[in-house]
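Visitor: Take a look at the letters that make up each chain.
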Amino acid sequence: EAQVTQNPRYLITVTGKKLTVTCSQNMNHEYMSWYRQDPGLGLRQIYYSMNVEVTDKGDVPEGYKVSRKEKRNFPLILESPSPNQTSLYFCASSYFGEQYFGPGTRLTVT
Amino acid sequence: DAKTTQPTSMDCAEGRAANLPCNHSTISGNEYVYWYRQIHSQGPQYIIHGLKNNETNEMASLIITEDRKSSTLILPHATLRDTAVYYCIGYNFNKFYFGSGTKLNVKP
Chain A
580 EAQVTQNPRY LITVTGKKLT VTCSQNMNHE YMSWYRQDPG LGLRQIYYSM
630 NVEVTDKGDV PEGYKVSRKE KRNFPLILES PSPNQTSLYF CASSYFGEQY
680 FGPGTRLTVT
Chain B
43 DAKTTQPTSM DCAEGRAANL PCNHSTISGN EYVYWYRQIH SQGPQYIIHG
93 LKNNETNEMA SLIITEDRKS STLILPHATL RDTAVYYCIG YNFNKFYFGS
143 GTKLNVKP
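Protein chains in written order, with the numbering used here: chain A, 580 to 689; chain B, 43 to 150.
Hints are computed from structural coordinates only; laboratory data are not their basis. Mixed in with the good hints there might be a few duds.
[Stated by the list, open to error] With a straight-line cut-off of 30 Å between C-alpha atoms, the simulated BS3-like cross-links for lysine-lysine are:
{"id": "1", "chain 1": "A", "residue 1": "Lys636", "chain 2": "A", "residue 2": "Lys596"}
{"id": "2", "chain 1": "A", "residue 1": "Lys636", "chain 2": "A", "residue 2": "Lys650"}
{"id": "3", "chain 1": "A", "residue 1": "Lys597", "chain 2": "B", "residue 2": "Lys94"}
{"id": "4", "chain 1": "A", "residue 1": "Lys648", "chain 2": "A", "residue 2": "Lys597"}
{"id": "5", "chain 1": "A", "residue 1": "Lys636", "chain 2": "B", "residue 2": "Lys45"}
{"id": "6", "chain 1": "B", "residue 1": "Lys94", "chain 2": "B", "residue 2": "Lys145"}
{"id": "7", "chain 1": "B", "residue 1": "Lys137", "chain 2": "A", "residue 2": "Lys644"}
{"id": "8", "chain 1": "B", "residue 1": "Lys137", "chain 2": "A", "residue 2": "Lys650"}
{"id": "9", "chain 1": "B", "residue 1": "Lys94", "chain 2": "A", "residue 2": "Lys636"}
{"id": "10", "chain 1": "B", "residue 1": "Lys111", "chain 2": "A", "residue 2": "Lys636"}
{"id": "11", "chain 1": "A", "residue 1": "Lys636", "chain 2": "A", "residue 2": "Lys597"}
{"id": "12", "chain 1": "A", "residue 1": "Lys596", "chain 2": "A", "residue 2": "Lys644"}
{"id": "13", "chain 1": "B", "residue 1": "Lys149", "chain 2": "A", "residue 2": "Lys636"}
{"id": "14", "chain 1": "B", "residue 1": "Lys111", "chain 2": "B", "residue 2": "Lys145"}
{"id": "15", "chain 1": "A", "residue 1": "Lys636", "chain 2": "B", "residue 2": "Lys145"}
{"id": "16", "chain 1": "A", "residue 1": "Lys648", "chain 2": "B", "residue 2": "Lys94"}
{"id": "17", "chain 1": "A", "residue 1": "Lys596", "chain 2": "A", "residue 2": "Lys648"}
{"id": "18", "chain 1": "A", "residue 1": "Lys644", "chain 2": "B", "residue 2": "Lys45"}
{"id": "19", "chain 1": "A", "residue 1": "Lys644", "chain 2": "A", "residue 2": "Lys597"}
{"id": "20", "chain 1": "B", "residue 1": "Lys145", "chain 2": "B", "residue 2": "Lys45"}
{"id": "21", "chain 1": "A", "residue 1": "Lys597", "chain 2": "A", "residue 2": "Lys650"}
{"id": "22", "chain 1": "B", "residue 1": "Lys45", "chain 2": "B", "residue 2": "Lys137"}
[What the hints assert, rightly or not] Which residues of chain A face chain B? A partial, calculated answer using Cβ under 8 Å:
{"id": "23", "residue": "Pro640"}
{"id": "24", "residue": "Glu677"}
{"id": "25", "residue": "Gln678"}
{"id": "26", "residue": "Gly681"}
Even glycine gets a Cβ: it sits at the ideal position worked out from N, Cα and C.
Chain B on its own, in the form it takes in the complex (with noise of 0.2 Å):
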């Protein structure tokens, strides 16, 4: 089972990139990568998700090492609106294992 470990919170300023490291060592083969976010406590929306390769969608993008041990979300261009918390997420098919997640503050 992918347990995902994320620092605690990061600061960023707005416009700039925001990069947010996931480490999940324990991730075995089969398992997807998977990246929500949290605004206060509205239910966690769906960022995107990776397997081997990089991921790119209208949000963000998603890098994973070749060896699956970490992935990077990266936000272009952060907004204050994307002040939230963020999650990494390891995804066997049948359960999702959220840890506490990286609290974003974008600044002005």
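Next up, chain A with everything else stripped away, as it sits in the complex (with noise of 0.2 Å):
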């Protein structure tokens, strides 16, 4: 079954603990994406990489890192979480323009 898989499903961290979410996907897709959701402010878009080791930054890449040294692979590396990092996050990979997205993590920094 072709899936995106994100781990933690939750999870409730202090501020300054450093956190990894993982994200894999099972469907050979080049293009893979990081996402956050607020309240009223729909998804937007914190990293994207079109292929291993190429990323860049989306609209909100400020305090967060990612890697792609595995195609299947695209973790989103939080060094020093702060309380406004508290939200949904998604994950994704696509050919083309057709994304699949994960089950989302909830992450709340306290």
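Hints in hand, dock the two standalone chains.
Guide: Next up, the structure:
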């Protein structure tokens, strides 16, 4: 079954404690992306990757890092999380513009 | 970059057609228009996309005006399960620009 998986699905952490949200896809897609969703703001793109070792900033990259060492994985790294990064995060992979989204990770930073 | 504008919410009676408009007046010639929907807080789901011509698939139809400044997503026979937030998105082969979308309420 074609799918995008994210882990963890829920995470509560404290300010400054580094964390990684993993994302994996099994469709051999070259393009992968991370979004955050906040009430009233829709989805905003954080980072995207066109292929292995090729990443670029989206609209809201501050406070986030990504890496793409393998085609199937695209982890999102928060080196020093802050409360304003409390949000619902989605990973997606796509063939051209048809994106497949993961189930989401709800992150709370206290 | 194609920034889009959509109404905040719309109502539709079950069984009737739902017509969801989107304004994308800044779209450039090579930018596709994509439509997605999101049910509750699930990951968004792809519906349909187009560049110039009208498109139809098993889920919906997409009507794009000749000047490409706006489009309309049509759900021909809305059901209660179509209640969701619908996003009209500009895509230029790198970045995706989601707006706040339209909350479609399908009522019995």
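Visitor: For every hint, state whether the structure bears it out.
Guide: Evaluation of the provided hints:
| no. | hint | result |
| --- | --- | --- |
| 1 | A:Lys636 <-> A:Lys596 | 23 Å, holds |
| 2 | A:Lys636 <-> A:Lys650 | 18 Å, holds |
| 3 | A:Lys597 <-> B:Lys94 | 46 Å, violated |
| 4 | A:Lys648 <-> A:Lys597 | 20 Å, holds |
| 5 | A:Lys636 <-> B:Lys45 | 17 Å, holds |
| 6 | B:Lys94 <-> B:Lys145 | 25 Å, holds |
| 7 | B:Lys137 <-> A:Lys644 | 17 Å, holds |
| 8 | B:Lys137 <-> A:Lys650 | 19 Å, holds |
| 9 | B:Lys94 <-> A:Lys636 | 29 Å, holds |
| 10 | B:Lys111 <-> A:Lys636 | 27 Å, holds |
| 11 | A:Lys636 <-> A:Lys597 | 20 Å, holds |
| 12 | A:Lys596 <-> A:Lys644 | 14 Å, holds |
| 13 | B:Lys149 <-> A:Lys636 | 40 Å, violated |
| 14 | B:Lys111 <-> B:Lys145 | 21 Å, holds |
| 15 | A:Lys636 <-> B:Lys145 | 28 Å, holds |
| 16 | A:Lys648 <-> B:Lys94 | 37 Å, violated |
| 17 | A:Lys596 <-> A:Lys648 | 23 Å, holds |
| 18 | A:Lys644 <-> B:Lys45 | 25 Å, holds |
| 19 | A:Lys644 <-> A:Lys597 | 11 Å, holds |
| 20 | B:Lys145 <-> B:Lys45 | 18 Å, holds |
| 21 | A:Lys597 <-> A:Lys650 | 24 Å, holds |
| 22 | B:Lys45 <-> B:Lys137 | 11 Å, holds |
| 23 | Pro640 | 12 Å, violated |
| 24 | Glu677 | 5 Å, holds |
| 25 | Gln678 | 6 Å, holds |
| 26 | Gly681 | 6 Å, holds |
In summary, the structure is inconsistent with hints 3, 13, 16, 23 from the numbered list given earlier, while agreeing with the others.
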